[in-house]
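*Asks:* With chain U's structure known, arrange chain S with the ligand on it following the hints.
Chains as they are written, first to last, in this note's numbering: chain U, 1 to 277; chain S, 278 to 504.
Treat the hints as calculated values from the structure; they're not laboratory data. All values reported here derive from a predicted model rather than from experimental measurement. All C-beta atoms in this analysis are idealised placements derived from N, C-alpha and C, irrespective of residue type, glycine included.
According to the in silico footprint, chain U covers these stretches of chain S (three or more CB under 8 angstroms from chain U):
(1) 299-305
(2) 314-326
(3) 410-418
(4) 443-455
(5) 486-498
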Amino acid sequence: MDGYNFAYLDEQTKRMIRRALLKGVAIPGYQVPFGGREMPMPYGWGTGGVQLTASILGAYDILKVIDQGADDTTNAVSIRHFFQRVAGVETTTATTAADVIQTRHRIPETPLRSGQILVFQVPIPEPLRFIEPSEQETRLMHALEEYGVMHVKLYEDIARYGHIATTYAYPVKVDGRYVMDPSPIPKFDNPKLDGNPALMLFGAGREKRLYAIPPYTRVESLDFEDHPFEVQSWEHTCALCGSDHSYLDEVITDDKGGRMFVCSDTDYCQTRRGEVA
Amino acid sequence: MDKAMTVKTETTRDLVWPGLADPAHDSQRLFRQILGALSEPGTLTTLALPAPPQVAPSDALGAALWGVVLTLCDLETRVWIAADLDSPALREALTFHTGARITDDPASADFALLTHESFDPQTPFAVGSDTYPDRGTTLLVAVERLENDSNGADDADHGWRLSGPGIAESRVLDIGDGAGCRALMTRLAGNRASFPQGLDAIFGCGAQLAAIPRSTCITRTDSQEMN
Ligand SMILES: [Zn+2]
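Here chain U stands alone, though its shape is the one from the complex (with noise of 0.2 angstroms):
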């Protein structure tokens, strides 16, 4: 398109990232600082996601982005639409026929492959920021491995709640090193972040981090031993396709407090019911 560079950012900022993301999949889990630049969009849109996904995407690529799971949230629309006119790409809804995908908030149902690249909108890239908000300090304590703090907020949980209360952005530790924010997907998802053979990379926007998760790298929610790691799980199933074994959204059907659980994941929920039929 005449006016931008491919893909809006300038090749020097594209560099720049290139070579931030290159140490993050060397340092998996590792924050690295970048130069970021202003995007046409308010961060709360996934500024961080865009600018790393404008930094790998090519003209052959299929980009999929989705929003808490869905296609079509007006995000989700309007981040896919910026990606078309910017670097005139294809685009898909269906998780398996996409090269890259943009998400916010989940993490596809339908298994990712080897070659496939996930790129997650960060808005809170540090785990440690709400016990400690220096980010000299945070810096320290993750090169020390001080990690007991995260521990014990866990387990004022357990000792308030009877469980760990934390459902979403759930901690994890990365290769057993660093400790890192999943962003705000619910921990339901944390378990496909453990081996998951596609690359996975994170981005904020505001804060001007990347970090990333190899393909086939060990990640482990953390946990206690009597108090082990747990998948939220529904008393339903999704009332449109039947699925037993995805993260359900309760919906609102009418104004008699109607309501249903549905897959949070479109594509997956579409793709199910047009076997079954």
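*Replies:* Chain S with the ligand in isolation, oriented as in the chain U frame:
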């Protein structure tokens, strides 16, 4: 075009260090291959771009490593060049195509161009700090051999077995068995002990490329001690 002109062009072409024909799309394509190589250590990939001139001593730098330079270097990066690769032509081409600054100080280099023969474990490349481990040198190493388990490294009795992030179980990479290769792989094997500080390495052999980031565990396939 007259004959004299044609001859001149032919002669010059052999000595020209090629840039990227379509910078935005070529660098994206090459970057994805480099990203793939670092994400899955020990896998081989072939970079499609014109090779640099085959003139000693810089001819050891094949198309793959030249492609890495063109893709990643710019005026924000410092490049260190080992003596056995260095030439005025290389310096000129590097400056012309990327704007990168050439440095004599390995500790300030973002990228270091070297050959397996010239690797010296005493060279003080940057390994990053404990709070900013990313601020380290990436080694770009020209090697004479680059094989993995899918193309014959399994038969070699001097390969290296890689495991860790990016590798489902293990993968064998063979970069040759010269003294420099052994010193280099021993140095890279030491990354695990100093992690997260360490050196990341990208190997080039002609147009072929493979990488070993600092997160990789390295052992000899013949189980010799690596110290
Ligand atoms: Zn469903």
